[in-house]
Amino acid sequence: MKQCNNGWAKAGKIIIYVIIILMGLTCLLPLLNIVAISFSGSAAVTGNQVGFIPVDFTLAPYQKMLADSQFWRSFLISAVRVVLQLALNMVLIVLMAYPLSKSKREFHARGTYMKLLIFAMLFNGGMIPTYLLVKDLGLLNTIWALVLPGAVPIFNVILVMNFFAGVPKSLEEAAVMDGANPMQVLWKVYLPCSVPVLATIALFSIVGSWNDFFSGLIYITKVNNFPLMTYIQSLNVNIADLLKAGASSSTLTNIAELTNKNLNAAKIVVSTIPLIVIYPFLQKYFVTGIVVGAVKE
Amino acid sequence: MELLHKTKVQNAVSGRMRSQNAMFHFMMLPGMIFLIVFSYIPMVGIIMAFENFTAAKGIFGSPFVGLKHFQYMFSLPDIWVIIRNTLCIAIGKMLLTTLLAIIFAILLNEIRVNWMKKTIQTVVYLPHFLSWVILATVVVNMFNLDGSVNQILNKIGIGSMNFLGSNTLFQPLLIMTDVWKEFGYSSIVFLAAITSIDPGLYEAAAIDGANWWQKTWHVTLPGMLSIILLISVMNIANVLNAGFDQVYNLYSPMVYETGDIIDTYVYRMGLLNHQYSFSTAVGLFKSFVGMFLMLFVNGLSKKFTDARIF
Numbered sequence: 000m001k002q003c004n005n006g007w008a009k010a011g012k013i014i015i016y017v018i019i020i021l022m023g024l025t026c027l028l029p030l031l032n033i034v035a036i037s038f039s040g041s042a043a044v045t046g047n048q049v050g051f052i053p054v055d056f057t058l059a060p061y062q063k064m065l066a067d068s069q070f071w072r073s074f075l076i077s078a079v080r081v082v083l084q085l086a087l088n089m090v091l092i093v094l095m096a097y098p099l100s101k102s103k104r105e106f107h108a109r110g111t112y113m114k115l116l117i118f119a120m121l122f123n124g125g126m127i128p129t130y131l132l133v134k135d136l137g138l139l140n141t142i143w144a145l146v147l148p149g150a151v152p153i154f155n156v157i158l159v160m161n162f163f164a165g166v167p168k169s170l171e172e173a174a175v176m177d178g179a180n181p182m183q184v185l186w187k188v189y190l191p192c193s194v195p196v197l198a199t200i201a202l203f204s205i206v207g208s209w210n211d212f213f214s215g216l217i218y219i220t221k222v223n224n225f226p227l228m229t230y231i232q233s234l235n236v237n238i239a240d241l242l243k244a245g246a247s248s249s250t251l252t253n254i255a256e257l258t259n260k261n262l263n264a265a266k267i268v269v270s271t272i273p274l275i276v277i278y279p280f281l282q283k284y285f286v287t288g289i290v291v292g293a294v295k296e
Numbered sequence: 000m001e002l003l004h005k006t007k008v009q010n011a012v013s014g015r016m017r018s019q020n021a022m023f024h025f026m027m028l029p030g031m032i033f034l035i036v037f038s039y040i041p042m043v044g045i046i047m048a049f050e051n052f053t054a055a056k057g058i059f060g061s062p063f064v065g066l067k068h069f070q071y072m073f074s075l076p077d078i079w080v081i082i083r084n085t086l087c088i089a090i091g092k093m094l095l096t097t098l099l100a101i102i103f104a105i106l107l108n109e110i111r112v113n114w115m116k117k118t119i120q121t122v123v124y125l126p127h128f129l130s131w132v133i134l135a136t137v138v139v140n141m142f143n144l145d146g147s148v149n150q151i152l153n154k155i156g157i158g159s160m161n162f163l164g165s166n167t168l169f170q171p172l173l174i175m176t177d178v179w180k181e182f183g184y185s186s187i188v189f190l191a192a193i194t195s196i197d198p199g200l201y202e203a204a205a206i207d208g209a210n211w212w213q214k215t216w217h218v219t220l221p222g223m224l225s226i227i228l229l230i231s232v233m234n235i236a237n238v239l240n241a242g243f244d245q246v247y248n249l250y251s252p253m254v255y256e257t258g259d260i261i262d263t264y265v266y267r268m269g270l271l272n273h274q275y276s277f278s279t280a281v282g283l284f285k286s287f288v289g290m291f292l293m294l295f296v297n298g299l300s301k302k303f304t305d306a307r308i309f
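Top line first, the protein sequences correspond to chains A and B.
The first sequence begins at 0 in numbering that gives the first Met the number 0 and counts up one residue at a time.
The second sequence begins at 0 in numbering that gives the first Met the number 0 and counts up one residue at a time.
Just chain A, with the same shape it has in the complex (with noise of 0.2 Å):
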């Protein structure tokens, strides 16, 4: 009876073994893919004989978009846009954060910026009102356009008030004795306590503008302006036109588009070499995030 029942054990923990490694080269395989094709023969990428292993290894496509200037000049713009985006993000939410874990005691009119704040998340004007807006500033095709409708990300303010409202007050207290000003009182005892969240804002400041295709689709009208995920979706093969192509198996714009298959494959894998150097760190603290955004009060 109870070698059965170890059996039936040992069974079962094998299957789930199998099914979560299967799960795993789910996830896993489909992007192998691509790495692969951009590693491969134009010929055997269009015969499409491409798996998981690149078929007649080559560095062609990598090469082909070293000399891309375009690629480069958006991968470029994204870069800026990234830096730009994370120090106005943070400087904004760590200022904003800070007086609104403050008590109404504290601070009178904490109560009004709050429904100011919780009104503009629940609320918004659209995509057009916001879009004349940006065109009526002179921001079209200029950074500033990706940047700055983005600035203060609401959710995050109040993540990270709510993370400040947990730091004990006797270190506040302590620094107000010592004659510090709130400003003070911000950079040397909150800031220093509240690394993990602010890390965690970051990243995720980080991997929100780096992937955004949007706002350069709707804000951005000149090519060379383009930042990255808006360029590459710009090369992506239109699908209507491939549906057509493929009803009428091999015209002409099938092929050419299909010999660049491996050159987009690389740009696309080289586009997501910023965000693979992060994940480690986006592992180390995205669980933090997540703790910190879904268990509250």
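Hints may be right or wrong, so weigh each one.
Unchecked claim - Restraint-style ranges between C-beta atoms, simulated for each label pair: (1) B/272 <-> A/10: 35 to 45 Å; (2) A/89 <-> B/272: 45 to 55 Å; (3) B/168 <-> A/52: 26 to 36 Å; (4) A/135 <-> B/71: 22 to 32 Å; (5) B/272 <-> A/170: 55 to 65 Å; (6) A/107 <-> B/113: 30 to 40 Å; (7) B/290 <-> A/140: 25 to 35 Å.
No wet-lab data here; the hints were simulated from the structure.
Note that the structure is predicted; figures quoted are calculated from it, not measured.
All C-beta atoms in this analysis are idealised placements derived from N, C-alpha and C, irrespective of residue type, glycine included.
The hints should help you fit chain B onto chain A, whose structure is shown.
Showing chain B alone in chain A's frame:
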């Protein structure tokens, strides 16, 4: 004498409070300027949903037409199609992602080989951080007519399917690929919930002779119940967000009938067809409903769980 001292201290304290409050306002200022310019001024622009807006006449000069655009919107068959699509896609994604995330978390918790657990987590969380621009290329590569999925389907004799161009297959494709992208990341909260379950409960169950299924059913799932409820409630707020990035990067006119959602419709009508007023009206309808959903969800989670969004 003591009284005098007391008022002096009070004065000093209230003086400090006043300067502190001034400092607080000063700290709020930069953020509030951005909030007013980029959140509140566009709200004024909502007026154009009630006008025949033309850029030449501006928001305050264009003729007022009342609810004309809203009446027109609800008279179009389009609007019901996109509302239906939005709800189907969004709800399908939420239900399946949550279900798979729960199953994944429970199974992953059984993995005792640490490096393997870490590796699987690393791999499974990764797609969440990649943009749909990138993943659309991956999806198109796999699911177009000569893609790898159709090669396999051909080999096993089912024959190829036009996932990207068929109105019956497009919604399932959107839902499945989004579940693929998000289930791992969504499992994090559930995994955290499982690890916080008291190990004593499992020991007690073992003494009572419970097998794995019974332990999962009677200990693990009840232990996760509150977080499952919380996530489900919060999901309600998102039923109108079917995912612009994904749909925009995968759809084509062939699948508008089942793939077009409110956000893509607003984008096409507004920025491509320049029907500013009409598009703003549709967008306003969405943000209005979205706002009440958020308020409803916040009230609900305040009432039934100890967490709230704001």
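Status of the hints after comparison with the structure:
no.	hint	in the structure
1	B/272 <-> A/10: 35 to 45 Å	60 Å, violated
2	A/89 <-> B/272: 45 to 55 Å	39 Å, violated
3	B/168 <-> A/52: 26 to 36 Å	29 Å, holds
4	A/135 <-> B/71: 22 to 32 Å	27 Å, holds
5	B/272 <-> A/170: 55 to 65 Å	57 Å, holds
6	A/107 <-> B/113: 30 to 40 Å	52 Å, violated
7	B/290 <-> A/140: 25 to 35 Å	32 Å, holds
Figure legend: structure checked against the earlier numbered hints; hints not met, in rising order: 1, 2, 6.
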